[in-house]
Amino acid sequence: MRVDDFSFKLPGSLIAHYPHPQRSGCRLLSLDGQTGRITHGVFTDVLDKLQAGDLLVFNDTRVIPARLFGKKASGGKLEILVERLLDDHRVLAHVKASKALKPGTQLQLGDDKSEHTAIQATVLARLDNLFELRFDDQRDVLTILRAIGHIPLPPYIDRPDEKSDRELYQTVYSQRPGAVAAPTAGLHFDQPLLDALRKKGIEMAFVTLHVGAGTFQPIRVENIEEHSMHAEYAEVPQTVVEAVLACKARGKRVIAVGTTSVRSLESAAMQRAEKNENIPFAFEAAALLAEDIRPNHVVDLRSSGRTPWPPSGNFKDCGYNPGSKALITPFFGDTQIFIYPGYHYQIVDGLITNFHLPKSTLIMLVAAFAGYKNTMAAYQLAIEKEYRFFSYGDAMFISRNPLAAQEKINTGR
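Numbering follows the working numbering, with no gaps: position 320 of the sequence shown is 320.
Don't read these hints as lab results, they were simulated from the structure. Only true hints are included.
Taking lysine-lysine pairs in the PhoX-like style, the calculated list, with each CA pair at most 25 Å apart, reads:
hint, residue 1, residue 2
1, K252, K200
2, K373, K49
3, K72, K99
4, K248, K200
Just so we're clear, the structure is a prediction, and the values are computed from it rather than from any experiment.
Use the sequences and the hints to build the structure in full.
See the structure below:
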């Protein structure tokens, strides 16, 4: 399967650079994955599409002001994008500078327009394409970022960040700082809509996946199967597991709000399959390679001296019962799950999502859910109907195509 199979031409005028004036007022394209039927409406229509007893699963991560500007002691300018918080004073970050930084290099952070005194930082090490930095300040990293950092808007939003983005580029239910990009499907929910959903009897649960900058990286191989996903930290606590199992038991649907919620839930299901059956889940879902997910091999978040994220208090829930035959078990760790056509979904029945970039891993995830032909047809129609695309754009409501994994993709290219 080729990356070019997921290409489409998008007029630049359809890229949204600002959100809709009212969160829940954006347009909504609904796609029935089983029949391919498409309808058009507004986002508040989700209230009619959901039934009492359905479960909405949100991602409660919060975007941090992760972009920093500064200079080296020598005067050379640099730009930093924090990728991961390691503890109260250390981060992993992408650094854009005229020359590669060496361990021991001193940095002064804070742009010239900032009213705050420049923050001193030190380069500790280089780890592949990332640098480990230490902030030489009594304040913790998050306090510093809030003082001198900028909201890292996606590269396709062609404007500087503005003060309003600090709230507009957050979901109203965000709780846990750590993301460098918003889980954008959730941006459309406002408090009145959430209240109306609860009143109707819609259940809600919250996972955490701290979206990394890798979400914007292009796939640099021709064949999808050769792509290696970036790692992102996710939590699916016991409370979410219980909510999912209860929803399935009563015959209702699990609706993921955004691709990050999908990847969190399916990672937890994959972990269950690997542990229960002692075989890589890739043997059951041919679209996944065994190395595509390493839930416990990247970072041990409970090791002493390393707290990459503000603790949630849920780590006590991460025990595993080897006798369990449940569809899903708690998950705490890094996920590299790569979902594309051929993947057999284990948990998610419905998906609320934005319109994604061509050739991206996210449109591949959607195609695996709704079916390739359905997805590409829906995107073409969305372009014709002038829907707004990407992070600040319009939304889709998709019901799963149960036969999507068996679909043969033949584009004739």
